[in-house]
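> Take a look at the letters that make up each chain.
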Amino acid sequence: MITQISKDNISLFEHLIPGDLIEDLLIRIDTFGLGCLRRDLDGVFDGYGALVFVKEFDENGMVENIRIKWLYVDSNRRDDSIGCELITDLFWEFGNSDVPTMTVDVPAKEEYEDLGNFLSDWHFQFAPTYSLEFELELSALKDNKYFMSIKKDTEIKGAKSLAEADAGSLKAFLRELRKKCVKSGQYIDPMLTDYKYDYFDPKLSSVVIKNGSIEGALLVHVRPSGRLEIVVFDTLESNEQAYLAHLMYKSYQAALNSNIENGRIYHETYNEKGMNLIDNIFGTHEAPLVLRGIIENNRLGISTEQWEDMKEEYWKENPDLYEYLKNR
Amino acid sequence: MSGTKINVTNDEEPTIEIESDIADPIQLLQEITQSSEVLNRYALFKDAAFEAFSYYEDEAIRNVDVLTRKIQTWDSETVKSVPADELEQTFLCLYDNIYILIQNVHPFWQVGMERLKLLKDYQDLYVEMLKVRGEL
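So the protein sequences, as listed, match chains A and B. When you read off a place in the first sequence, starting at 1, and then add 35, the result is the number in the numbering used here. When you read off a place in the second sequence, starting at 1, and then add 113, the result is the number in the numbering used here.
Among the clues, some could well be false.
Which chain A residues stay away from chain B? Per the calculated CB distances, all over 12 Å, these [said to hold, decoys possible]:
1. G78
2. D233
3. K245
4. Y301
5. Y305
Here are the simulated BS3-like cross-link-like pairs (lysine-lysine), alpha carbons at most 25 Å apart as the crow flies [claimed, not checked]:
6. K230(B) <-> K346(A)
7. K90(A) <-> K230(B)
8. K192(A) <-> K231(A)
9. K244(B) <-> K233(B)
10. K244(B) <-> K42(A)
11. K90(A) <-> K244(B)
12. K177(A) <-> K195(A)
13. K183(B) <-> K233(B)
14. K238(A) <-> K180(A)
15. K193(B) <-> K104(A)
16. K231(A) <-> K104(A)
17. K192(A) <-> K90(A)
18. K183(B) <-> K230(B)
19. K206(A) <-> K195(A)
20. K206(A) <-> K231(A)
No wet-lab data here; the hints were simulated from the structure. Cβ coordinates follow ideal geometry from the N, Cα and C atoms, glycine included.
Work out the full structure, taking the sequences as your base and the hints as a guide.
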């Protein structure tokens with residue numbers, strides 16, 4: 036049985052979903068979960084599998100892609116039918132919508148081979164690409180040529196901590212940022228429009244303040260897993276790259292001062308341009324190979340009759356097989 | 114890309130020889146998957162897959178028919194006395210057979226959507242039956 040994962044029933048599925056994604060399900064407006072319930076030995080329904088997906092919105096607020104972020108079946112109860120029940124439920128929603136594509140990224144590693152095969156059975160077309168996610172040990176920055184000079188007490192000009200700005204000016208900044216994203220056709224993170232107070236860590240986030248308003252910001256959110264996630268990573272004008280360096284220094288110094296040197300920083304971009312920017316700051320990085328599976332929604336067209344004709348034609352070409360099956 | 118050689122031998126799998134250092138694994142993979150040898154071989158598999166699909170489809174349609182008739186014998190009164198395990202297993206078995214029917218065709222071609230509708234209807238019926246039994 037499939038159920039939408041909500042605040043009320045998430046406890047049934049907590050053992051199936053990483054803490055960071057549970058947080059997404061509870062906070063973010065673009066993240067949704069489906070859970071599969073089966074009877075336990077004691078006859079009570081329990082969570083056996085979970086699927087988490089993100090609806091990616093375009094600038095007009097229309098969903099342009101559904102991205103599967105997580106598909107997991109309890110390892111003690113592994114059974115293909117649980118994954119099938121979850122994926123068909125999503126297919127039903129996708130097939131009845133105008134969303135053009137549905138995608139899933141599977142790491143190109145041996146341990147994900149079963150998952151890749153399962154999704155291929157459900158007609159995802161896979162092509163290799165590079166992951167657009169960036170993750171780095173904070174401690175590795177100690178040897179980075181840009182960051183090695185930053186110590187706990189180094190004076191950093193230009194950038195301030197978000198704690199020094201008021202919530203109102205942050206909201207105003209996010210509104211401006213959204214406008215800029217719309218103008219340049221960039222992906223709009225829903226946190227820009229659906230900002231929850233205190234979502235960004237005021238100490239680790241850094242801002243450039245001019246005349247009382249925020250002009251540029253690097254906004255950091257601390258994940259339940261301890262990962263430092265850079266959610267919004269931008270300056271108002273792309274030619275003001277100097278801002279960005281100061282913002283990075285300031286946030287790095289804040290991490291040093293908070294003694295979370297063992298943390299990992301994480302950032303997800305939506306195109307290669309974003310990754311090039313990351314490379315410029317951190318030096319080149321290793322982008323893991325992933326297999327991106329895609330299903331397009333505009334492939335509607337074949338009717339039941341056409342499908343029957345195709346089969347009939349096939350039986351005509353293979354009369355022996357048809358006779359054999361008929362007489363079984 | 115020069116230096117990459119794809120040999121198709123009489124063995125079951127094509128052998129692929131890589132003569133030079135390959136800088137870009139994506140380019141290599143694309144070159145291999147787009148080579149005519151591999152595409153021809155894939156076409157053979159595709160044919161075999163269709164054969165298997167058609168075989169399973171007939172089998173699955175028969176199973177769906179049997180299970181549907183079983184479920185139809187349960188009404189709002191008799192369903193209360195069906196053992197919980199039997200009820201769940203009957204529906205799960207029915208779903209498994211419908212999955213085969215959906216996988217046979219591209220899921221977003223009309224046939225696939227018709228079969229998804231069939232699946233959804235039975236899933237809803239299962240939930241209704243659980244409600245009648247007072248379990249939901």
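> Work down the list of hints and note, for each, if the structure agrees.
Do the hints match the structure? See the list:
no., hint, result
1, G78, "violated, 6 Å"
2, D233, "holds, 37 Å"
3, K245, "holds, 44 Å"
4, Y301, "holds, 24 Å"
5, Y305, "holds, 19 Å"
6, K230(B) <-> K346(A), "holds, 22 Å"
7, K90(A) <-> K230(B), "holds, 23 Å"
8, K192(A) <-> K231(A), "violated, 29 Å"
9, K244(B) <-> K233(B), "holds, 17 Å"
10, K244(B) <-> K42(A), "holds, 22 Å"
11, K90(A) <-> K244(B), "violated, 31 Å"
12, K177(A) <-> K195(A), "holds, 21 Å"
13, K183(B) <-> K233(B), "holds, 18 Å"
14, K238(A) <-> K180(A), "holds, 24 Å"
15, K193(B) <-> K104(A), "violated, 39 Å"
16, K231(A) <-> K104(A), "holds, 22 Å"
17, K192(A) <-> K90(A), "violated, 39 Å"
18, K183(B) <-> K230(B), "holds, 20 Å"
19, K206(A) <-> K195(A), "holds, 17 Å"
20, K206(A) <-> K231(A), "holds, 10 Å"
Hints 1, 8, 11, 15 and 17 from the earlier list are contradicted by this structure; the remaining hints agree with it.
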